[in-house]
Structure formats: C-alpha cells, structure tokens
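In the order they appear, the protein sequences are chains R and L. Residue numbers are given in the numbering used here: position 49 of the first sequence equals residue 49, and the series is strictly consecutive. Residue numbers are given in the numbering used here: position 69 of the second sequence equals residue 69, and the series is strictly consecutive.
It should be emphasised that the hints constitute simulated quantities derived from the structure, not laboratory data. Just so it is clear, the structure is predicted and the values come from calculations on it, not from any experiment. There may be inaccurate statements among the hints.
Claimed, not checked - Straight-line Cα separation of at most 30 angstroms, BS3-like style, residue types lysine-lysine; simulated pairs:
hint	chain 1	residue 1	chain 2	residue 2
1	R	Lys-42	L	Lys-14
2	R	Lys-67	R	Lys-100
3	L	Lys-57	R	Lys-100
4	R	Lys-2	L	Lys-71
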Amino acid sequence: QKEVEQDPGPLSVPEGAIVSLNCTYSNSAFQYFMWYRQYSRKGPELLMYTYSSGNKEDGRFTAQVDKSSKYISLFIRDSQPSDSATYLCAMSGRRGSNYKLTFGKGTLLTVNP
Amino acid sequence: DTGVSQNPRHKITKRGQNVTFRCDPISEHNRLYWYRQTLGQGPEFLTYFQNEAQLEKSRLLSDRFSAERPKGSFSTLEIQRTEQGDSAMYLCASSLVGYAYGYTFGSGTRLTVV
Chain R
1 QKEVEQDPGP LSVPEGAIVS LNCTYSNSAF QYFMWYRQYS RKGPELLMYT YSSGNKEDGR
61 FTAQVDKSSK YISLFIRDSQ PSDSATYLCA MSGRRGSNYK LTFGKGTLLT VNP
Chain L
1 DTGVSQNPRH KITKRGQNVT FRCDPISEHN RLYWYRQTLG QGPEFLTYFQ NEAQLEKSRL
61 LSDRFSAERP KGSFSTLEIQ RTEQGDSAMY LCASSLVGYA YGYTFGSGTR LTVV
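All chains should be built: construct the whole structure from the sequences, respecting the hints.
This is the structure in structure tokens:
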C-alpha cells in the first residue's frame with residue numbers, strides 16, 4: 001500500500017460546478033498537508049496548505065484535513081476552465097522531517113466551458 | 001527574482017550517454033530539492049541540500065546519479081550511462097529552512113532516453 005492514495009481520475013465537470021478532490025494516507029506522522037496544482041509541462045504550484053486537522057478557505061478553494069480518518073479534501077467552488085490541471089496532494093512529517101514531501105498520483109481535472 | 005530556474009527544459013539522449021541538468025533556486029532559499037516525476041505519477045523525492053551539504057539521498061538515487069550544490073548556490077544533477085527507465089521529468093525546488101509549506105518548484109527538465 002502506498003503512503004498516499006489519490007484517485008487519478010480523470011474528472012470532467014461543467015463550468016460552475018463544485019469539485020471535490022480527495023486523498024487518503026496511511027502514515028500517522030504526517031502533520032503538514034498541501035495541495036499543488038500542475039499545468040501540463042509545468043512544475044507543481046502550491047495552492048493550499050494546512051497544518052494538522054481543520055479547514056482552510058482561500059477564495060474559491062477550501063482545504064479540509066481529517067486526521068482521525070487520515071483523509072484530506074480540496075473543494076473548488078464555481079469551477080472555471082482555467083482550473084483545468086492536475087491536482088496533487090502532498091504531505092510531510094513533524095518538524096525536523098518536514099522537508100520531504102510525499103505526493104499522491106494527482107487527479108486530472110477538466111472544466112468544460 | 002524570477003523563481004526557480006531549470007535548464008534545459010527538454011533533453012533527448014541516447015541510452016548510455018551522460019546528461020547533466022542545472023537548477024538555479026530562489027536566491028535567499030538555503031534548501032534545494034530534486035524530485036523525479038514519471039507519467040501519471042506524483043513527484044518522488046530524490047535528494048536535498050541545505051546550503052552546500054547534501055543531507056539525504058533517496059534509494060531511488062542509484063550510483064549512476066550524482067548531485068552537487070557548490071557554494072550553496074545552483075545545483076547540478078548528473079545521470080551517467082542513462083537507461084530508458086531514467087526517462088522522466090526532473091523537478092528542482094527550493095525553500096527556506098523550517099518552512100514546511102515553502103517549496104517553490106521549477107518547471108522541470110524533461111528527459112527522454114532513446
């Protein structure tokens with residue numbers, strides 16, 4: 001079993017839809033949780049980050065972490081064609097080992113106009 | 001500062017040849033990381049530097065791979081005797097020490113071994 005599992009999709013939604021992206025993980029040492037967006041032929045770009053459990057909102061994006069279930073989510077409201085990209089969840093451990101990110105496979109999202 | 005710069009963007013090489021990639025991090029960042037990403041997978045950690053010291057190497061980094069960061073500035077990743085399985089995107093990132101969220105990735109070098 002991989003440390004981080006993410007459904008690779010692909011996921012196709014109409015413009016304006018609410019998108020839900022999810023990851024599960026097995027390593028209880030993970031404390032820092034991130035979502036990256038990666039456009040084709042580009043490097044990953046940090047979108048959202050959360051420490052430990054809880055919710056965080058930034059504009060149309062909401063990140064949720066449920067450490068008891070080892071489950072993290074990213075919600076995108078009012079999705080736009082420009083949101084079409086691969087979304088990668090990433091996590092790292094406690095201070096002192098938080099330099100190394102473990103990524104999911106990524107979910108390919110297409111938002112259709 | 002224009003972010004993390006990687007060169008070349010794309011490299012095609014014949015099996016058995018040596019290749020070298022370069023990464024220029026954000027100037028004030030003292031940590032530099034190399035990751036490898038194959039098609040349909042997330043990036044996988046290869047190695048990282050704090051200033052000029054290489055502090056950890058993944059088991060993915062075979063003896064054919066070597067990375068350097070002279071003087072704690074730019075870094076190079078060399079692959080000797082390339083194999084078809086080395087074909088991947090090689091990503092460089094940089095951050096400040098202790099800032100867990102602070103990775104900035106470059107656009108990567110796509111290696112194709114034919």
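Results for each hint:
no.	hint	in the structure
1	R/Lys-42 with L/Lys-14	24 angstroms, holds
2	R/Lys-67 with R/Lys-100	19 angstroms, holds
3	L/Lys-57 with R/Lys-100	11 angstroms, holds
4	R/Lys-2 with L/Lys-71	36 angstroms, violated
Hint violations for this structure: number 4 only, all remaining hints satisfied.
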